[in-house]
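Enquirer: The residues making up each chain are set out below.
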Amino acid sequence: MSESQPQPTCPGCGYPVLTKQHGPKCEFRNGNAGDTDFENDVDSEQELNTEEILESLSPQETIDSEGIQRSVYTFRVKEHEEIKTLFYSKEELPFSPLLTEGREAFVSGNSPKSAVVKIGKVFWIKLSRNLNPIFLQRHNLL
Amino acid sequence: MDKIKSESESHISPTTQSPVEINQARVSGKASFFVESNPQNLIDLAVYLGVEDEELRTIRAQMAQRTPGPEANTFMDKVIAAKIIDEKGEFKSHRTDDGEALVILALQGNRAAQELLDKKVSVLQQKDALRAEHIVDEARQMGKIGQQATTAKALPLHELVAVHATGFRPAHNDENIQIQSTFDGTDWSDPRNTVHFALNHQVASHMYGSWDQQPYVVVSPLEDVIEQNKKPDVLNTVDTFFEMSPGTPLNLSKEKTRIIEPDDLPPGKLIGYKDNHVIFKRGKYTVEDFHALRQGMDESERKAFNSDLSNTLTDAIRSVNYETHLERNSELQSLETDVIQKYIDIRYDEKNTQQVVGIFDRMQNGSIENAVESYIHDIGFDGRIGEDIRQRAVEKIYAGLFSYIKQKAVNRTISDMGYKVQQGGMWAWKDDWTVTNRTLQLGAELGVRVGAHSDFESSKIDSAYRGGLGRGEGLLNQLRDDKVDMPTYREKTEKILSKHLEGMSPETRRMLYLRGLI
Numbered sequence: 068m069s070e071s072q073p074q075p076t077c078p079g080c081g082y083p084v085l086t087k088q089h090g091p092k093c094e095f096r097n098g099n100a101g102d103t104d105f106e107n108d109v110d111s112e113q114e115l116n117t118e119e120i121l122e123s124l125s126p127q128e129t130i131d132s133e134g135i136q137r138s139v140y141t142f143r144v145k146e147h148e149e150i151k152t153l154f155y156s157k158e159e160l161p162f163s164p165l166l167t168e169g170r171e172a173f174v175s176g177n178s179p180k181s182a183v184v185k186i187g188k189v190f191w192i193k194l195s196r197n198l199n200p201i202f203l204q205r206h207n208l209l
Numbered sequence: 010m011d012k013i014k015s016e017s018e019s020h021i022s023p024t025t026q027s028p029v030e031i032n033q034a035r036v037s038g039k040a041s042f043f044v045e046s047n048p049q050n051l052i053d054l055a056v057y058l059g060v061e062d063e064e065l066r067t068i069r070a071q072m073a074q075r076t077p078g079p080e081a082n083t084f085m086d087k088v089i090a091a092k093i094i095d096e097k098g099e100f101k102s103h104r105t106d107d108g109e110a111l112v113i114l115a116l117q118g119n120r121a122a123q124e125l126l127d128k129k130v131s132v133l134q135q136k137d138a139l140r141a142e143h144i145v146d147e148a149r150q151m152g153k154i155g156q157q158a159t160t161a162k163a164l165p166l167h168e169l170v171a172v173h174a175t176g177f178r179p180a181h182n183d184e185n186i187q188i189q190s191t192f193d194g195t196d197w198s199d200p201r202n203t204v205h206f207a208l209n210h211q212v213a214s215h216m217y218g219s220w221d222q223q224p225y226v227v228v229s230p231l232e233d234v235i236e237q238n239k240k241p242d243v244l245n246t247v248d249t250f251f252e253m254s255p256g257t258p259l260n261l262s263k264e265k266t267r268i269i270e271p272d273d274l275p276p277g278k279l280i281g282y283k284d285n286h287v288i289f290k291r292g293k294y295t296v297e298d299f300h301a302l303r304q305g306m307d308e309s310e311r312k313a314f315n316s317d318l319s320n321t322l323t324d325a326i327r328s329v330n331y332e333t334h335l336e337r338n339s340e341l342q343s344l345e346t347d348v349i350q351k352y353i354d355i356r357y358d359e360k361n362t363q364q365v366v367g368i369f370d371r372m373q374n375g376s377i378e379n380a381v382e383s384y385i386h387d388i389g390f391d392g393r394i395g396e397d398i399r400q401r402a403v404e405k406i407y408a409g410l411f412s413y414i415k416q417k418a419v420n421r422t423i424s425d426m427g428y429k430v431q432q433g434g435m436w437a438w439k440d441d442w443t444v445t446n447r448t449l450q451l452g453a454e455l456g457v458r459v460g461a462h463s464d465f466e467s468s469k470i471d472s473a474y475r476g477g478l479g480r481g482e483g484l485l486n487q488l489r490d491d492k493v494d495m496p497t498y499r500e501k502t503e504k505i506l507s508k509h510l511e512g513m514s515p516e517t518r519r520m521l522y523l524r525g526l527i
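Line order of the protein sequences matches chains A and B.
Position in the first sequence (first residue = 1) + 67 = the numbering used here.
Position in the second sequence (first residue = 1) + 9 = the numbering used here.
Rather than coming from a laboratory, the hints here were simulated on the basis of the structure.
A virtual CB, placed ideally from N, CA and C, is assigned to each residue, including glycine.
Possibly wrong hints are sitting among the right ones.
[Stated by the list, open to error] If we take Cβ atoms under 8 Å as the criterion, some of the chain B residues that face chain A in the derived model are:
id, residue
1, D53
2, D146
3, G525
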C-alpha cells in the first residue's frame, strides 16, 4: 500500500480495515450497529486460510540460535502500539536475535509457573535447559 | 560454562519487572514477548492485549489450580485444534506456532480467525466421534470372535473388582478416594496419563515394571468405578486402564472402596483393620510372624515359598554382579550357575536323604539373617558368597515377605467384599484363552477395546517420551541430558505425533499439549 493511498480504517478504533481487527474497546468489535461493511467481510463460502488470516499479524520468519525456523507475530494493542510475540512449547524456549536486539524482551512462561522475566542470552541457556530456572517474580496480568 | 554461570549470576540480580516497566517497554515500541504455549500464558497475553472476557479469568484460575474444568478443557481443545488441524481438515504433518496466533486473534474478536478456529474445532470433534465409533465397532467385532471361540459367556461386570497398587497414599475428598495419573502426580511433568487396575487380584510383576513393593492397594467394584468416572479405555483382566484428562483424578466412592496399607501390628499378627482400612504388617518381622505365616500355608505353598526364597540368592548374585561391575564378572556368573545347579540337585535328587532345609523353614527358628547364613553354609558356598551378596539376599527376602503378606491382605479384602480372587498372568487370569474370549465379550457389551496396554497409543507415547526397562531411553530424558539437540528433538516429536495423533484420545492430547509435545 503506497503512502498516497491510505488504508481505510475503522471509525471506532482506527484499525486498518484489511486487518479485520478492532481495538479492545472499539464499539464495533462485536458487530454493533454502525459497523456495516467492516463486520460483513467474512464470506462463509470463502476458503478460510490460516496464513491469510494471520497476515494481519505481519508474521516474520526467523531462525533461532539452534537453527529452528520460528514465526514472530506482531499484535496491535492500540494504534501505534504493538508487541512482537513468539510462541514456544515447554522445553523449547528459543533465543532469537530478531526479538532481543535493541528490544526489551520478556518471557511469559517456563511452566509450571507463569513468570514474566527479562531475557538475555545467558538467561535463555539456563531457562531452556530447565536447570534451576530463574524465576524473578510472578506477575499475573489479570 | 563456568564463565556463563558467573555472568548470569552477575546479571541476574532478581530484579522484578513490574507491569509499569513492561508497559514502558511496550509503549516505546520495543517490547518482545516469548510466550510459552499453555492456557495461563495465552490468556495473560490476551488480557495484556486488551481482551476482556470473564470466562478467561475462570479458565486461568482453573489452570493455575491444576484443576481444569469444562471451560479450561474447551479452551485447550481449541488451541490443540488450531495447532494440529490443517487447512484440508487433516492432521498436520509438522509442528508450527501459528495455532496460538490464531487463538489470540480469535480472542481479540477477529471474525475470520474465530470462524476458522470453530471449523478446526469442529473437524477435531468429528474425528473424535469417528474414533469413538471405530472403537465400539472394533469391540463388537472382537466380541463376536470371543463368542465363537468359547461356549462360556461374557465375564459378568458385577463380578469384577478393580485393584490398584500405588506408592502413595491415595488422596480423598469427602465422598471419594482419588487416584491421580502419573502426569498429575508429577506436577504435569511425566507424560503418562493412565490409571491402571488388575481385576480380582493384585497385579503381579512383569518385565516392564514391578508393583510388588508399592505399599498401598485400593480395591473398588469395577462397575462402580465406571459409573463414577467413565468406561475404561482398555479392558483386560490383568491390566484395565483409564486415560485421564490433566487435573482429573479417577474417583472411587469411599463407601464402596477399601484401602490396604502397611502399618504396625503386634508380633504374630500379619493382617488387621484400622479406621475401616485393611492394614498389613510392616517393619522387622519376628519369629512369631514367621510362625503365623507358616500356619496359614498348606504343604505345597510352604515348598513353593522355600523355593522362592532360595531363588533370592541367585537374584542377589545377579544384581550385585550387574551393579558393581561394568562388565559382567565371570567369577560371579560362574557362582550363579553353580548355585542354580545346586538347587536343581536338591530339588530333583529324590534319593537325597539329607535334603537341605529351605530358607523359610530355617526362619521358623530365628531371624532371616541367620537363616540365610546357615543355608549358604549347608549348601557349601560359604567361602564363595561374600557379605554384599548375603546382605542383598536378606533385603530381597524382606521385600518378598512384604509382598507376600500384602498379597494375603489384598486377597482377604477381595473375598470380604464378596468377590472371587483370581490368579494373575501375563495377558489374562492364568493366561487362559477362555478368560480372554470372555473378556472380549464383555468388551463388546461395554463398547470397550480389549488388549495389552503396550499395543495402544498411550503406552507407545509413554515409551517414546519416558522410556523405561526394555524400551530404551525416553526422548525427554535425552533432551534433559543434552543427548539430543533441539532440531533433532523437534523432528522426533513430529514423527511421534504423526504416528499416533489419529488414534489418540482427547485426554492424551491435552496432556501432550500441556507437556509441550503438541
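Enquirer: Each hint should be assessed against the structure and marked as holding or not.
Expert: Hints versus structure:
no. : hint : in the structure
1   : D53  : holds (5 Å)
2   : D146 : violated (32 Å)
3   : G525 : holds (3 Å)
Hint 2 alone, counting from the list given before, is not met by this structure.
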